[in-house]
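Visitor: So the sequences go chain by chain: A and B. Per the UniProt record's numbering, the very first residue in the first sequence carries number 1; after that it's consecutive. Per the UniProt record's numbering, the very first residue in the second sequence carries number 1; after that it's consecutive.
Hints listed in this document are in silico derivations from the structure and should not be mistaken for laboratory results. Treat the hints with care, as some may be off.
In the SDA-like style, the derived pairs of lysine to any residue whose C-alpha atoms are separated by at most 20 Å in a straight line are [stated by the list, open to error]:
id, chain 1, residue 1, chain 2, residue 2
1, B, K29, A, K16
2, B, K129, A, A23
3, A, K89, B, D130
4, B, K203, A, A23
5, B, K55, A, S26
6, B, K20, A, G30
7, B, K35, A, N47
8, A, K16, B, D130
9, A, K16, B, W127
10, B, K28, A, I96
11, B, K55, A, N24
Computed beta-carbon distance windows for the label pairs [to be verified]:
id, chain 1, residue 1, chain 2, residue 2, range
12, B, K159, A, D57, 15 to 23 Å
13, B, R11, A, D98, 20 to 28 Å
14, A, A107, B, P131, 21 to 29 Å
15, B, A155, A, P21, 32 to 40 Å
16, A, F8, B, S65, 34 to 42 Å
17, A, K16, B, T39, 19 to 27 Å
18, A, A94, B, E157, 50 to 58 Å
19, A, T3, B, V152, 30 to 38 Å
Rough simulated footprint, nothing fancy, chain A against chain B, three-plus residues with beta-carbon under 8 Å [to be verified]:
id, segment
20, 43-49
21, 122-129
22, 161-172
Even for Gly, the Cβ is constructed at its ideal location relative to N, Cα and C.
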Amino acid sequence: MLTQFEHFAITEMMGKTDNPPRANGSLCFGSQWERSSFGMALALAKNGIFEWDDFRDELISTIKAWEDAHPVDRSTWNYYDQFLAALEKAVVKAGIIDPEEIRAVLAA
Amino acid sequence: MIDRFQYREDREAYSAARVKALEALLIKKGIITDKTVDTVLDFFETKMGPFNGAKIVARAWVDPSFKDRLVTDTPAAIAELNLPEGMAGAEGEHMRAVANSPDVHNLIICTLCSCYPWPVLGLPPYWYKDPTFRSRAAREPRAVLGEFGLPVPEAIEIKVWDSSAQIRWFVVPERPVGTEGMTEAELEALVTPEAMMGVAIAKAA
Numbered sequence: 001m002l003t004q005f006e007h008f009a010i011t012e013m014m015g016k017t018d019n020p021p022r023a024n025g026s027l028c029f030g031s032q033w034e035r036s037s038f039g040m041a042l043a044l045a046k047n048g049i050f051e052w053d054d055f056r057d058e059l060i061s062t063i064k065a066w067e068d069a070h071p072v073d074r075s076t077w078n079y080y081d082q083f084l085a086a087l088e089k090a091v092v093k094a095g096i097i098d099p100e101e102i103r104a105v106l107a108a
Numbered sequence: 001m002i003d004r005f006q007y008r009e010d011r012e013a014y015s016a017a018r019v020k021a022l023e024a025l026l027i028k029k030g031i032i033t034d035k036t037v038d039t040v041l042d043f044f045e046t047k048m049g050p051f052n053g054a055k056i057v058a059r060a061w062v063d064p065s066f067k068d069r070l071v072t073d074t075p076a077a078i079a080e081l082n083l084p085e086g087m088a089g090a091e092g093e094h095m096r097a098v099a100n101s102p103d104v105h106n107l108i109i110c111t112l113c114s115c116y117p118w119p120v121l122g123l124p125p126y127w128y129k130d131p132t133f134r135s136r137a138a139r140e141p142r143a144v145l146g147e148f149g150l151p152v153p154e155a156i157e158i159k160v161w162d163s164s165a166q167i168r169w170f171v172v173p174e175r176p177v178g179t180e181g182m183t184e185a186e187l188e189a190l191v192t193p194e195a196m197m198g199v200a201i202a203k204a205a
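Please model the complete structure; the sequences and the hints are all you need to start from.
Guide: The following block contains the structure:
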């Protein structure tokens, strides 16, 4: 089926725990870093750095871990926190970035 | 992976720094460029989304002959408007509009996300793929619409349109009363994806 990867990737997430926040049919981001996390994950999957399905599995398990750790008070929930954590795991797993490199940049 | 996520006072700034670090590393390694994120998201933000459907519906509201052409030959009518390229390609080529009237209310359904007119409606809502929604909407649309907060009087016929790989339907809701003096741009703001799916009606603000 002819389709845009971006649309395919997002619609695959609809109705699942990893469903990204939307408003009125459009994706919505609370800040620039949320938007960048999302865009990077899409771009990396589109470029074949990792499979979108594998990234989603990572995201789903990251969300589950957060939910298990916050069984009652979920006031600190932010979807894109989980998204970013999953993205960091995915790029490390793909072997394109070493965790040390991220630490070094953050410490600089 | 860097630190197991913990709540921090400065977590917003910390998250922003992590993303910036990641993006900088990917750019440095030549995996992405500083334009990549914008390019990928531009698709959702400016090209394909419910804002296109809103423009089409608003035009149909102000121009009855356009509305006639829209339901007769949807792609040709859409091509008259100055919408982003691709509206008629990919998933957009099979779109068909159905117009609500005082006697008929239209509802679109489909279980597959691929069968959704996303160039005009954007991303489908989570429940659209739900088999329960689809089967119940086909069987008892009036009850389902009632649960959506849209009671449809018995006198009004409900038509259910099942989108498929051949045809992807969208609804032209009725122009709300009290919008007579509004401009086309003002009218666009009243058109929601839900109204274009038929699970809501357009309302004047």
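Visitor: Are the hints correct? Go through all of them and say.
Guide: Here is how each hint holds up against the structure:
1. B/K29 / A/K16: 33 Å, violated
2. B/K129 / A/A23: 18 Å, holds
3. A/K89 / B/D130: The given pair, whose Cα atoms are some 30 Å apart, is violated under the 20 Å limit.
4. B/K203 / A/A23: Holds. B/K203 to A/A23 sits at ~17 Å (cutoff 20 Å).
5. B/K55 / A/S26: 15 Å, holds
6. B/K20 / A/G30: 16 Å, holds
7. B/K35 / A/N47: 14 Å, holds
8. A/K16 / B/D130: 10 Å, holds
9. A/K16 / B/W127: 10 Å, holds
10. B/K28 / A/I96: Holds, at roughly 11 Å.
11. B/K55 / A/N24: Given that 20 Å is the threshold and the Cα spacing comes to 15 Å, the pair holds.
12. B/K159 / A/D57: 15 to 23 Å: 40 Å, violated
13. B/R11 / A/D98: 20 to 28 Å: 24 Å, holds
14. A/A107 / B/P131: 21 to 29 Å: 50 Å, violated
15. B/A155 / A/P21: 32 to 40 Å: Holds, since B/A155 and A/P21 (Cβ atoms, about 39 Å apart) stay within the stated range.
16. A/F8 / B/S65: 34 to 42 Å: The hinted range 34 to 42 Å holds for A/F8 and B/S65, with Cβ atoms some 36 Å apart.
17. A/K16 / B/T39: 19 to 27 Å: 26 Å, holds
18. A/A94 / B/E157: 50 to 58 Å: 54 Å, holds
19. A/T3 / B/V152: 30 to 38 Å: About 33 Å separates the Cβ atoms of A/T3 and B/V152, which means 30 to 38 Å holds.
20. 43-49: holds (count 5)
21. 122-129: As far as the segment 122-129 of chain B goes, the hint holds, because 8 residues have Cβ atoms under 8 Å from chain A.
22. 161-172: violated (count 1)
In summary, the numbered hints that this structure violates are 1, 3, 12, 14 and 22.
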